[in-house]
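Enquirer: On the provided structure of chain E, position chain G as indicated by the hints.
There are 2 protein chains.
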Amino acid sequence: MVFGNLGKGCGTGVAFTRNPSNGENSFFGEWLPNAQGEDVVAGIRTPQKISGPQKGSLQKEMPKAYKDLEKIRKKLEKHFKEMQDIEFTIENDKLWMLQTRTGKRSGAAAIKIATDMVAERLIKKDEAIRRIEPSQVYESILKNIVEEDLKKAVLLGKGLPAGPGAATGQVVFCAEKAEELGKKGKDVILVRRETSPEDIHGMRYASGILTERGGLTSHAALVARGWGKSCVVGFYGLKIAENNKSAFFGKKRIKEGEWVTLNGADGSIFEKKLELFQQPIKDFEPLRLLLSWADRYRKLHVRTNADTPEDCVQALQFGAQGVGLCRTEHMFFNEKRILQFRKMILAGKREARLKHLRGLLPYQRKDFYKILNTMDGLPVTVRLLDPPFHEFLDIGEKEVASLAKTLKETKKEIIRRIDQLQEVNPMLGRRGCRLGISYPEITEMQVEAILGAALELKKEKKNPRVEIMVPLVGSLEEFLHQKNIIINTYEKLSKKHKQKLSYKIGTMIEIPKACFSAGIIAKNADFFSFGTNDLTQTTFGFSRDDVGSFFPGYLEKGILTFDPFESIDEKGVGALMDIAIKNGKKNNPTLSLGVCGEHGGDPKSINFCNEIGLHYVSCSPFRVPVARLAAAQAVL
Amino acid sequence: MVFGNLGKGCGTGVAFTRNPSNGENSFFGEWLPNAQGEDVVAGIRTPQKISGPQKGSLQKEMPKAYKDLEKIRKKLEKHFKEMQDIEFTIENDKLWMLQTRTGKRSGAAAIKIATDMVAERLIKKDEAIRRIEPSQVYESILKNIVEEDLKKAVLLGKGLPAGPGAATGQVVFCAEKAEELGKKGKDVILVRRETSPEDIHGMRYASGILTERGGLTSHAALVARGWGKSCVVGFYGLKIAENNKSAFFGKKRIKEGEWVTLNGADGSIFEKKLELFQQPIKDFEPLRLLLSWADRYRKLHVRTNADTPEDCVQALQFGAQGVGLCRTEHMFFNEKRILQFRKMILAGKREARLKHLRGLLPYQRKDFYKILNTMDGLPVTVRLLDPPFHEFLDIGEKEVASLAKTLKETKKEIIRRIDQLQEVNPMLGRRGCRLGISYPEITEMQVEAILGAALELKKEKKNPRVEIMVPLVGSLEEFLHQKNIIINTYEKLSKKHKQKLSYKIGTMIEIPKACFSAGIIAKNADFFSFGTNDLTQTTFGFSRDDVGSFFPGYLEKGILTFDPFESIDEKGVGALMDIAIKNGKKNNPTLSLGVCGEHGGDPKSINFCNEIGLHYVSCSPFRVPVARLAAAQAVL
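Those protein sequences? They're chains E and G, same order as listed.
At position 609 of the first sequence (counting the first as 1) the number is 609 in the working numbering, and the numbers step up by one without a gap.
At position 27 of the second sequence (counting the first as 1) the number is 27 in the working numbering, and the numbers step up by one without a gap.
Simulated from the structure, these hints should not be mistaken for lab results.
Check before you lean on any hint, since a few could be wrong.
Note: identical chains are not told apart, hence a pair may lie in one copy or across any two.
Said to hold, decoys possible - Distance condition first, Cα-Cα at most 25 Å in a straight line; then the derived SDA-like pairs of lysine to any residue:
{"hint": "1", "residue 1": "K184", "residue 2": "T590"}
{"hint": "2", "residue 1": "K151", "residue 2": "L122"}
{"hint": "3", "residue 1": "K273", "residue 2": "E256"}
{"hint": "4", "residue 1": "K370", "residue 2": "E448"}
{"hint": "5", "residue 1": "K239", "residue 2": "I418"}
{"hint": "6", "residue 1": "K245", "residue 2": "I415"}
{"hint": "7", "residue 1": "K571", "residue 2": "G519"}
Chain E on its own, in the form it takes in the complex (with noise of 0.2 Å):
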């Protein structure tokens, strides 16, 4: 990039013709008086601004050149009706162009930018939906480092970029003490080996979660991305000391309380406290134009992942439009609950589970009737209980001791009575509606607190739109047992309530016989939602815990082109919701269609649903925007 003369009367410059980083429409460049292209890149001499009254900028040293400039920004811009990249030299005070390309820029600038140029008739409506990347909005509501800080920043290691955005913070060991610093409003990033349901409590009080194991969808991945928060997974340099007091990031030892920085969008684990900015997400008027825009074009429903009442309240922020996964079961990760819900699953007879099930339902009834409140009048779809019962129980010596208390039981039992519940390949054991199936008073409880709580919301004359969802259903006879359940503690409920409700009942289609079976069940069900998560690792024989071990090999062999986790595999798990939907359709034409495994967030796989038929996707609610984005591009 040679070009441009020196002497009095010459400079070169570089420009934008709209601010890359925020997309304000002025001018954004820098130039060298005296200088030729390559010393402006260079950086040996420090370049100046070229708009502002300031001295040392082209609009104050050389009025004229800098107005030609200013006409010849616009002219081009009303030719590529885009937002240009170019280059100048000036010449004996007079303008030479040197080149123009459309110029890179930010999320959040791309979205000012596009609407902006609706507003000044340069393009159309669906032109600026069309031209933003879905990743652009979803960047241009995170956090990222500062590039100042990015420039000098010491590396520690990489692992997966599991959850979005930056975030920085001191490092702890523990959920407890993640609680207890984040609580005080401290910055902490939670630095685990791996998750699991019980740092729930510390994971939503740190800034960012680091793991040495697990894979994109790990349980820390999910419940980051479902919460918005920075998060790398599977960083295997990591090596926490036994005592919990220290770890080794690669070959550098860090110690509790001492600051690191997360890169969620690329894996960068970086040393000490960076800086970092984000967009202001409410007050950004630009993205709620665009996506007020692509409401109009799209056909599919967005709504929302959302299992307490503040992800009802972010996601209705985002524009979901209802709630199409709340899990019932991350409500039992409180202290008291757990404590309850152990006892419950550990009951040697009928008669003690349901004393301990009635100790749960006023917490549950609680839950549900704040959420429901929270999204009134928009369908709200609960599932009912999903993982193993061993999943609550990865518990230590302290706990077991108090259990065999309380329970009136040798400690050696209680063991013996969790030991019993361990399987080999738990996400292919007893649960899902498996649970339901063997616990009957499990589902009437937690059908009695969802419609509990909704009858009494209609009592107060508000509008819940309920719609129990059963898991992991196979066959029509599983979903006749839990279907009779429903409807026959609605039955008791709404007597004793002297009030009727409307209400729906539907399945999650998540295992390949479901979408066999799809045809039969339909007749019965009033909506199907595609647990395409779980799908997605029946289809293929992929445990989302395991394939770590080889995903990045496939990925790097050329074996696997894309995370199928990520995206839909349309011609294996698609093609299975396919003949489910076809099924379906046939056997019930008001059958309801939706998705809601984390594929509905992904553009592409929203791409897809809309093309084989679905109503709505469900994503976590910092998806929603993107989801909206990407539905109206779809139709377009």
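Expert: Okay, now just chain G, sitting in the frame of chain E:
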């Protein structure tokens, strides 16, 4: 049943027109002189034999009535063309027939009677084939408890009937002890919480196997059925003492060395030694005859699942037309080899792994040489390494220490490496071709062993017919990766041996994804073998190791009307097979199609396999005769 008069020249009796126990063509019944029918049944007086020259027999005491009875016996059989169960009375020397109906009989008797009736021109051969239940063939080749002993036996409890036939022996609680005593020719029953591949050596020497845990497709059950060995699993009443010297069988404490008897037919466990009987197999001409007729009707070939030359010999005696599944991993479970194998797995670097693989090569080559030699001229399908590594690493402190020493690593490091190989859902983890793709050198070694052995036999003017099978393939890319290694290894070996060999390369279809990729895979493959066990696991989302907790309830409540691990689920698993077959045949008309799951020995599944156009089924040696009959019945 009051009939007949009392007095001289009177009597009553019940009889079968042929022997219901062994099928011999002679009267088999009892009578009481001066008695009414109920006396015969009640057993107050001891009845006399009908036939024979001895005092008291009807033939001796009332020769005329006996002669009439003989005539009627023939008349009835000619009319009904079936063995009859009759009741008669004699009044004043005159014979009155009271009742006749088709008689119940043992499996062996059914076969003998049917084949005799063909010789007597009472029925046609196809009728004989149709008339025998496949389960009767199975029963005819197994041990059973003698009726009288069964009547007075004390039941200790019941588990799931996992392996056929009965067994009696002294109780032992570890594989080593089973081997030690078994080698001395003692009858032992191996009693374990559950079995793993490392128990194989002891299981081989046990007469019967009993486990506390596991379902009908647990490791113990699969191995036992393969060997036609009596086995009861899922006996939850069992509590083995920690010192492995005694156990509670329900409430009864049984010490090592005490006798128990298992009935694999219904899962009963009895106290003490009970008398067993068995039809002589090899010399059972009627079965040979029946199956030779069946062979003329059937279209399906019948192969066997066999991992050792001994299995092959057994299967050949039963009429197997090849090996449909030879699992190479079982060859590693021998003290010397497993150590080498473990060293290979835990080797840090490729060079070290290669060295240990080289060490295993001669063993594997010798194994394959023996198997191919035994099966000379018949196809042998060898599956490449399938199970996840950690299945080989269920070891104690002593083994860890020894491995640490040989590998020159710390014990901690060895434990860390073993720990790293653990998987959350091993069924869906790094196994099958995922291993061979991660470690191409393992595939190379195995192929060198297989084809090396075949080339050696070819030189000796033998006719080895090798088919190499790549397991757990989901995509064309996976298959081609392994196929390339196979072809390259062959080229090298062929040059070295200066010998050419024709062999086949195919794949197992055992995950739903494979069924949707079948079309493009078929263009590159010689054969498909459906692994319907795993296909059932993934289609239903059922882990065969874990279904024990809810299957009994499912069957009881009618949610499952059959066990999909026993008979192929035609609407789900079968639908997937159909997709694979249609796409496979369309793209490769010469594609060979078989099934090598446990279903290959199940009559209902065999009928289905015949219907959807498979070329062969493969089953455990003891199921081969069953499959031969069922395949003929499928055609008829």
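Enquirer: Look at each hint and say if it fits the structure.
Expert: Now for the hints, and whether the structure bears them out:
Taking the closest pair of Cα atoms, K184 and T590 never come within 25 Å of each other, the shortest separation being 51 Å inside a single copy and 71 Å across copies. Neither within a single protomer nor between protomers do K151 and L122 lie at most 25 Å apart by alpha-carbon distance, with minima of 36 Å and 96 Å respectively. Taking CA atoms no more than 25 Å apart as the test, K273 paired with E256 passes inside one copy only; the shortest distance there is 14 Å, against 65 Å between copies. In this assembly of identical chains, K370 and E448 lie within 25 Å of each other by CA distance solely inside one copy; the values are 15 Å within and 65 Å between copies.
For the homomeric pair K239 and I418, the shortest alpha-carbon distance between copies (16 Å) is at most 25 Å, but the shortest distance inside one copy (29 Å) is not. When the C-alpha separation of K245 and I415 is checked against a cutoff of 25 Å, the pair qualifies only between copies, where the shortest distance is 22 Å, while the shortest distance within a copy is 29 Å. Taking the shortest alpha-carbon separations for K571 and G519, both the intra-copy value of 21 Å and the inter-copy value of 12 Å come in at or below 25 Å.
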